[in-house]
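Place chain B on chain A using the hints.
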Amino acid sequence: MSVPNTAPAGARPTTGGPIIVVRDLRKRYGSLTAVDGVSFEVAEGEVFGILGPNGAGKTTTLEMIEGMRPIDGGSATIDGVDVRSDPREVKRRIGIQLQASAFFDELTLLELLDLFGRLYGHAVDAHALLGDVELSDKARSQVRTLSGGQKQRFSIASALVNDPRVLFLDEPTTGLDPQARRHLWSLVRTIRDRGHTVVLTTHYMEEAEELCDRVAIMDGGRIIALDTPDALVEQLLGRGFTKAWVERLANLEDVFIDLTGHQLREGE
Amino acid sequence: MGPRFALWWALFTASVKMFVRNRLALFFSLFLPLLVMLIFGVLNFEGSTSVDLGIVDEANSDGSAAFRSALAETDYLDITEGQRADELAELEKGDRDFVLVIPADFAPTLEGETGLVAFASTADPSQAQVGRGLLQQAVGGAIAAATGLPIPSGGFSAPLAFEAVTSRDLGYIDFLVPGVVGMTVMQLGLFGVAFGFVQLKRTGALRRLFATPTSPAYFLSAQVASRVVLGYVQVAILIGIGIWFGLQMFGSWLVLAAIVGLGFMIFLAVGYGIAGWAKNEDQAAPVANIISLPMLFLSGVFFPRDAMPEVLRGITGFMPLTYVNEALRGVMNDGAGFTDLGPQLLGMVVWAVIAFTVAVLLFKWE
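As you go down the protein sequences, you meet chains A and B in turn. Quick note: the first sequence uses my numbering, first residue 733, plus one each step. Quick note: the second sequence uses my numbering, first residue 758, plus one each step.
So here's chain A without its partners, still in its complex pose (with noise of 0.2 Å):
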């Protein structure tokens, strides 16, 4: 936690000391328990996994550690930033991506992402941006024209208007593809490479295994399990578990694949 918290954006300080600190977070709706007493830490540079099953508090623990929802008890700390006592300053070193992303229909992308570089006093060069997540042919279009691989592409770029120390993606292939969830597996990873922290809630484990250095599984507001991927599932089998039939070293996502391509499907 020696992070300064008025290191420039740009600046990305090698401590490898974590980014975010999560402290007994809780959240309540009336007698339901949403959030109920999370903690975890994500180092920088990590790609950080919340799983877990509808209902589970994913979103709602995103959400609170992003600044979108009012804290009820615990902290949360990004950057060295208080999320309760400094919500804007978080939002102006994150980047987001809602589960529903829906933008004002009127504008071109361009006009899109301009605008949000300007909400965050940045100017923005919204080509290059268009062209990392593979849109630049789409640059003069409205959203509502783009396919659904493409939305999610497009909210990606909209969260790194501001060059993100660390970028939230909530369920960023629910609904797509196969070919368009692997096409947004690897921009993650692009992502990743250059420097972003990245922490994604996904239904889909094989896309945990894919991209999460850690993951943390939650089930009724809590945190059940947090490690990597592959030490969960050491940890499954030392406790004596075996399948009921033997995995086979294919299955039919990769038939699927095999079949009909890596190529993006995303008519004009």
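Derived by calculation from the structure, the hints in this document are not laboratory data. Don't be surprised by glycine CBs; every beta carbon is placed ideally from N, CA and C. Any given hint could be a false lead.
Computed beta-carbon distance windows for the label pairs [said to hold, decoys possible]:
# : chain 1 : residue 1 : chain 2 : residue 2 : range
1 : A       : D804      : B       : F1060     : 33 to 39 Å
2 : B       : L792      : A       : T877      : 28 to 34 Å
3 : B       : A763      : A       : R816      : 53 to 59 Å
Residues from chain B that keep clear of chain A, each with C-beta distances beyond 10 Å, as calculated [stated by the list, open to error]:
# : residue
4 : V874
5 : A885
6 : A921
7 : T971
Same frame as chain A, but now just chain B:
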């Protein structure tokens, strides 16, 4: 230009772009009032090629009767006959161009004075000269016909004394345009805002803004400003078309602009109140309609409220659009200033305060 203003300006221009590119919003808030006005304007287009003449016959003699029947043959005269006081009142209201008084000692003659006096309306100075010429010619012809003598070569122009009477020439267009302006102010505030904003709420586009460090108040104020500017543009277009149809403006443009601005405050507050309360368009639509429809028909947009039953007129007199319409007609038709419009302005301010308070209480960002 500070960075905060640059940000606000970016949101403002984005908001204008969004509105202008949204064809549905454009149709309902810009094109529809225009269409309504064009339709009503064309339907009630008053052909002004004839001269409205009132005749007061104080002679009631054979001579005056012959004169009147000769005058009645003139095809460009639209003649009504009546008592002096009634006809002069009509003249002042703007329903006559001239009132011709035939004196008690009238006798048609081609020589000397006839004693005829024409009271002339000052309503339409541009047409007054032509009107006088036409009347003079008609009166001359009628006197000649009444005497039974041939018209002297070189023509005959009856000695006719004109007296100007201050009067106002108000057509339906003068009634209609302030009403349509009022309607536009209401529609733009209610529908131009309620639906767009609720949609941003429902789709989550508004939430996406909250993910940035910029306060949503910037977005809201930029959007309000863009709507007000677009509203003034639209009002200017409507009045411009109205003028083309013969609309007259007797008052101050500044007073008019102030009334329009106050009207926007009322109905934008109502619009944001609905949008802030509703979760989706299905909730917003009926409320916006329940609020706007009664006013559309009972606040004197298209037809004068005089025709309503007393009780209904009393109740609907308190509706915000009624105050707006009365104030607009006051300034445009009667040249009223701020002091003359005290009751209407007070009513509007009270409604603005009520609407704003309710909007703040009901408003939810999500």
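Original post:
Is it correct that the beta-carbon of A885(B) has no partner in chain A closer than or equal to 10 Å?
Top reply: Holds, because the least Cβ-Cβ distance between A885(B) and chain A comes to about 51 Å, which exceeds 10 Å.
Original post:
Does the claim that T971(B) lies outside the interface with chain A hold up, using a Cβ gap greater than 10 Å?
Top reply: violated (4 Å)
Original post:
Lying within 33 to 39 Å: is that true of the beta-carbon distance D804(A) to F1060(B)?
Top reply: With Cβ atoms ~58 Å apart, the hint is violated.
Original post:
Is the gap between the beta carbons of L792(B) and T877(A) within 28 to 34 Å?
Top reply: holds (30 Å)
Original post:
So the hint says 53 to 59 Å: do the beta-carbon atoms of A763(B) and R816(A) match that?
Top reply: violated (30 Å)
**OP:** With 10 Å as the threshold, tell me whether A921(B) passes as away from chain A on beta-carbon distances.
**Re:** holds (56 Å)
Original post:
Are all beta-carbon distances from V874(B) to chain A longer than 10 Å?
Top reply: Holds, because the least Cβ-Cβ distance between V874(B) and chain A comes to about 65 Å, which exceeds 10 Å.
Hint violations for this structure: numbers 1, 3, 7, all remaining hints satisfied.
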